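Produce the entire structure from the sequences given, and follow the hints as far as they go.
In terms of the working numbering, the sequence shown opens at residue 1 and continues consecutively.
For the record, the hints were derived by calculation from the structure and aren't laboratory data. These numbers come from a predicted model, not from an experiment. Quick reminder that beta carbons are idealized off the backbone N, C-alpha and C, glycines included.
What follows is a list of derived Cβ distance ranges for each label pair:
1) Pro-185 / Ile-119: 53 to 63 Å
2) Met-39 / Ser-194: 52 to 62 Å
3) His-66 / Ile-137: 34 to 44 Å
4) Ala-33 / Thr-160: 55 to 65 Å
5) Thr-160 / Gly-122: 39 to 49 Å
6) Ala-54 / Val-75: 25 to 35 Å
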Amino acid sequence: MKIKKGKTVFTIIGAIFFIIGMILVVIGGISLARTSAFMNSAQKTKAEIISISADSYRRNGKNHTHYDVWIEYTVDGEVLEKNINEYNSSMYEGKEIEVYYDPDDPSDVRTDSKVFEYIFLGIGGSFAVIGAVFLIINIIMGRRIKILKKSGDKLSGIITNVTMNYNMTINNRHPYKAECEVINPYDGETYLYSSENITDDISGLIGMTATVYVDRSNKKKYYVDIYELLDKYNKDNRIHDYR
1 MKIKKGKTVF TIIGAIFFII GMILVVIGGI SLARTSAFMN SAQKTKAEII SISADSYRRN
61 GKNHTHYDVW IEYTVDGEVL EKNINEYNSS MYEGKEIEVY YDPDDPSDVR TDSKVFEYIF
121 LGIGGSFAVI GAVFLIINII MGRRIKILKK SGDKLSGIIT NVTMNYNMTI NNRHPYKAEC
181 EVINPYDGET YLYSSENITD DISGLIGMTA TVYVDRSNKK KYYVDIYELL DKYNKDNRIH
241 DYR
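Spelled out as structure tokens, the structure:
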């Protein structure tokens, strides 16, 4: 069975956060634009809160409360009632508030609150920034790896173990890291290194030889070329892994 070459963890996390963030920003931006267009042509009037009902429910182990706020307002002598689908702690029955309605459709009424839009823009912007940071880190790491491959010592190490990184979760799964033992031929010392996080189980690589690039002046800077080893593993017809 071939081991899949998954994308790096930073790439996956960065892409997920950035895409979700941009989707939320677009939704918030479109909603804000539509609200602004509505407000430009809307008419302002006074409304009275006539009813506030609360519905408590439990989801994902947490208690939540949904509020229905009904208002009453008058347009051209006609009394209208509408659920504004909005609530804050300052609202109470009998309170008078300002609302805006569409002159062509008085039943389309809203307050001037833009909380929904700002929440989407804020959360979306935060997610997009986090995603961009992860992607930038991935680019920087890629450049460092290129430098190590070009100017570092090219050594060989044995994959001694594969562990699951319980400190990180991607799509409800923990990634894997390979532990590698290197005996440096230049000083005879033994060094223990680990690969980057890999999304798929790479335990089939235990006992195999991996290429490790090490900075000549700082042995703490290294790169275990796990992807080169995966290519060799997948091309080796003598390996029959049926797990």
